[in-house]
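Trainee: What follows is each chain in one-letter form.
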Amino acid sequence: MSETGLLKLPNGVELKAAGPGRLGAVAGVTAGRLELSLAGAAETPDKDGLAAVLTQVHALWAQHHYTRAVVDLTRLTFMNSSCFKELVTWISKVQDAPAADRYRIQFRYSPDVRWLKGSMHALSTFGVDVVDLEATQGAR
Amino acid sequence: MAAASTPFIEVSFAPSMALVSHVREFASAFYQHTLQDPDLISRLGVATHELLENAVKHSSDGLTRVRIELHEEPRTISIRTWNRPTGEHLETLKQNLEEIARSPDPGAHYQVLMRRSAKRAVGSGLGLGRIRAEAEFELRYETHGPEVEVIAECPVAPGK
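These protein sequence lines map, in sequence, to chains A and B.
The working numbering puts the last residue of the first sequence at 385; the count rises by one with no breaks.
The working numbering puts the last residue of the second sequence at 180; the count rises by one with no breaks.
I should point out that these hints are in silico values taken from the structure, not numbers from a laboratory.
The structure displayed is predicted, hence computed values, not measured ones.
Any given hint might turn out to be false.
To be verified - Straight-line Cα separation of at most 27 Å, DSS-like style, residue types lysine-lysine; simulated pairs:
{"no.": "1", "chain 1": "A", "residue 1": "K338", "chain 2": "B", "residue 2": "K139"}
{"no.": "2", "chain 1": "A", "residue 1": "K338", "chain 2": "A", "residue 2": "K362"}
{"no.": "3", "chain 1": "A", "residue 1": "K362", "chain 2": "B", "residue 2": "K180"}
{"no.": "4", "chain 1": "A", "residue 1": "K338", "chain 2": "B", "residue 2": "K114"}
{"no.": "5", "chain 1": "B", "residue 1": "K114", "chain 2": "B", "residue 2": "K77"}
{"no.": "6", "chain 1": "B", "residue 1": "K139", "chain 2": "B", "residue 2": "K114"}
{"no.": "7", "chain 1": "B", "residue 1": "K139", "chain 2": "B", "residue 2": "K77"}
What the hints assert, rightly or not - Sample of chain B residues lacking proximity to chain A, with all beta carbon distances greater than 12 Å (derived):
{"no.": "8", "residue": "E45"}
{"no.": "9", "residue": "D57"}
{"no.": "10", "residue": "I61"}
{"no.": "11", "residue": "G65"}
{"no.": "12", "residue": "N74"}
{"no.": "13", "residue": "R122"}
{"no.": "14", "residue": "A128"}
{"no.": "15", "residue": "S144"}
{"no.": "16", "residue": "L148"}
{"no.": "17", "residue": "R160"}
Stated by the list, open to error - Covered stretches of chain A (chain B as the covering partner; in silico rule of three or more C-beta atoms under 8 Å from a C-beta of chain B):
{"no.": "18", "segment": "273-281"}
{"no.": "19", "segment": "297-308"}
{"no.": "20", "segment": "311-321"}
{"no.": "21", "segment": "342-355"}
Cβ coordinates follow ideal geometry from the N, Cα and C atoms, glycine included.
Based on the sequences and whatever the hints tell you, model everything.
Mentor: If you want it as structure tokens, here you go:
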């Protein structure tokens, strides 16, 4: 386990984060796309852990050249602005990459969760060229 | 016997980021029993958290107070925080709130803040913009000597 709370598995395609806060994150690469699942509350103590996870996700692109990263937020109960900023920074990093190096980021969320709906609208506007939204029912 | 009043909660506490989460959760639970509006309760949680984090982070003497209150005529809900910020932070807070006041479109202004935030090394700079654009609360501030009061207010639909 690194100082950031990341656990890298021997095959190098899965990672887990368990920082000092209440956020859980698991990512894995399957069938040419990366899936990252966030669960619990993403608050200030989780900021560095989330940033480290997103850096790893971005680094995995160089290794696997997936075309899409799916971020499942259906088990996320809260996210503060410090952690939201990490998503903004990640999107900006993908936008700033050369066109051939870009991948799409797809956020999966429940539109029934009102606060998350507002965040998703803002992120999709910000990342209009790289972000897709997947609204799903039946989450919390 | 005290006169009946509209529902409110008021909490004073010493700065701790961990307490911010608990106060947000308590406030949301309290208003689930008072408001019949899950949409508003969800937005209230975001606004409470962001206001409190700002107040706690920048309190110079270790104290923060928050009051969340439902008002009648007009029917609104307000979140008020009080702290004693450093002079430097008070100036930053004033600048940020005045920039918000000059920006008629909350969503467009929030996008500007997000573009700035992506390049920031320290802090997000998004909290107040998020309260306005995502939680849909209007913001203002008042100073009382060394103390600053930040007020976030939102209409409550009739019957909710």
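Trainee: When the hints from earlier in the document are held up against this structure, which numbers fail?
Mentor: 4, 8, 9, 10, 11, 12, 14, 15, 16, 18, 19, 20, 21
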